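S.K.: Below, each chain spelled out in residue letters.
There are 2 protein chains.
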Amino acid sequence: MTGSPEDAPEGEVRPKGRYPKGVARRQEILDKAIEVFARRGSQKTSLRAIAQEVGVTHAALTHYFGSLEELLVEVYRESQHKPGPERPLPPDASPAMAMSISAEANREIPGLVQLYSTLVAMALEDNHPIAHSFATERFARLRDDIAEQVEQLQASGHVRADLDPVLVAALVIAASDGLQIQWLLDDGVNHEAALEMLDRLLRGI
Amino acid sequence: MTGSPEDAPEGEVRPKGRYPKGVARRQEILDKAIEVFARRGSQKTSLRAIAQEVGVTHAALTHYFGSLEELLVEVYRESQHKPGPERPLPPDASPAMAMSISAEANREIPGLVQLYSTLVAMALEDNHPIAHSFATERFARLRDDIAEQVEQLQASGHVRADLDPVLVAALVIAASDGLQIQWLLDDGVNHEAALEMLDRLLRGI
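From first to last, the protein sequence lines stand for chains A and B.
According to the UniProt record's numbering, the first sequence holds residues 1 to 205 in order.
According to the UniProt record's numbering, the second sequence holds residues 1 to 205 in order.
Just so you know, these hints were derived from the structure itself, not from any lab.
Because the structure is a prediction, the values reported are computed rather than measured.
Any given hint could be a false lead.
Unchecked claim - Label pairs and their computed distance ranges (CB to CB):
(1) B:200 to A:187: 26 to 36 Å
(2) A:126 to B:57: 24 to 34 Å
(3) A:78 to B:205: 43 to 53 Å
(4) A:205 to B:60: 54 to 64 Å
(5) A:192 to B:20: 44 to 54 Å
(6) B:161 to A:62: 52 to 62 Å
Claimed, not checked - Some, not all, of what chain B presents toward chain A, calculated at C-beta under 8 Å:
(7) 56
(8) 117
(9) 125
(10) 136
(11) 173
(12) 174
(13) 175
(14) 177
(15) 185
(16) 194
(17) 197
(18) 198
Ideal Cβ positions, reconstructed from N, Cα and C, are used throughout, including at glycine.
Work out the full structure: start from the sequences and follow the hints.
M.R.: Below is the structure:
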């Protein structure tokens, strides 16, 4: 009952991220979990299996992340923050091109695309509030960001002025997500060419 | 190879649905499972839970469907065959409009959209060959059908002639799938308006 302090401070129910040492340990587990996912995708996503691969006890994983759902969300969030190779976006890059570039980064880590699909599927079910918040907030934030970008591109004449920026944003995100899935299942699908075509359509050329 | 000809056509290995009585019972279970899904979505998709709701033993379910994955695929396939309300498609309906109409039918059964997302997420993992075949074949068939429709619409001047029909097909399917997911998570997303916009872009108006 008296676990080592950095692993399970006494009496705390959800102490994650409370003490510097705990924060460091949590981050260490997370980094390892990201590696595991990048290597193998999400085909064996039980907490126990991940704990085993990461080399921590199941109890420690549960202690730091609570549930598989929380760990999955954290792994995805954290992976997205990792700096990718430099891919400078041209100043007149349309939203579809921006999504294409970010999708390209994801495709280098197939496990990440699988993980994202799993999270979205979980989000659509009723009993996964954390995946639901994650997906809902991610889509809302992306729509806002891209809609703003669209307005600027409309002002500079790079996107058709008669299009609703919010609808364009929703369409571009949907197209990028959906094309990525089709490409993963069949690499004959030219994800990039389809987004470039959407790009041209949005520019009105 | 000596099964009754109408029930187990040559080349079918698995004995399920081999005898008329078995076929009827299998269909009965499937119909019940579809009802269960339509009512509750896929939030509790263990075979045991479904068996309980459907009112059959777990052994019987396993006997007729083999695995949860197979049952899910069958439930989705079968639901798609059910005749929906009449929605005549205008002769010059663009591909995006056609997808919008089929998506509208799905939205009336939210459980079906969840089930579809779950199947696609399973398909992206490594250990679900049945979901993988289902999703891969569904996308390939849809792309073929829609690409053919696009060619006809290009010939009649209803879709821009400079677009690659196969890329248009992949884009329209991706947009429809992705927008449906965004709408399910946030009903402020105007799925239909976004597809209508894509429609206009494809027509070049």
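S.K.: Could you run down the list of hints and mark each one as holding or not?
M.R.: Outcome of the hint check:
1. B:200 to A:187: 26 to 36 Å: Between residue 200 of chain B and residue 187 of chain A, where Cβ atoms are some 31 Å apart, the hint holds.
2. A:126 to B:57: 24 to 34 Å: Once the Cβ atoms are compared, 26 Å apart, the range 24 to 34 Å for residue 57 of chain B and residue 126 of chain A holds.
3. A:78 to B:205: 43 to 53 Å: Cβ of residue 78 of chain A to Cβ of residue 205 of chain B: about 44 Å, so the range 43 to 53 Å holds.
4. A:205 to B:60: 54 to 64 Å: holds (60 Å)
5. A:192 to B:20: 44 to 54 Å: For residue 20 of chain B against residue 192 of chain A, whose Cβ atoms are near 51 Å apart, the range 44 to 54 Å holds.
6. B:161 to A:62: 52 to 62 Å: Between residue 161 of chain B and residue 62 of chain A, where Cβ atoms are some 59 Å apart, the hint holds.
7. 56: violated (23 Å)
8. 117: Holds, about 4 Å.
9. 125: At about 4 Å, which falls below the 8 Å cut-off, the nearest Cβ of chain A leaves the hint on residue 125 of chain B intact, so it holds.
10. 136: Check passed: Cβ of residue 136 of chain B comes within 5 Å of chain A, closer than 8 Å.
11. 173: Check passed: Cβ of residue 173 of chain B comes within 7 Å of chain A, closer than 8 Å.
12. 174: Cβ of residue 174 of chain B sits 3 Å from chain A, so the hint holds.
13. 175: holds (5 Å)
14. 177: Where the cut-off is 8 Å and the nearest Cβ of chain A is about 5 Å from residue 177 of chain B, the hint holds.
15. 185: Result: holds, 5 Å to nearest chain A Cβ.
16. 194: Since chain A brings a Cβ to about 5 Å from residue 194 of chain B, closer than 8 Å, the hint holds.
17. 197: holds (5 Å)
18. 198: holds (6 Å)
Of the hints listed earlier, the one the structure fails to meet is number 7.
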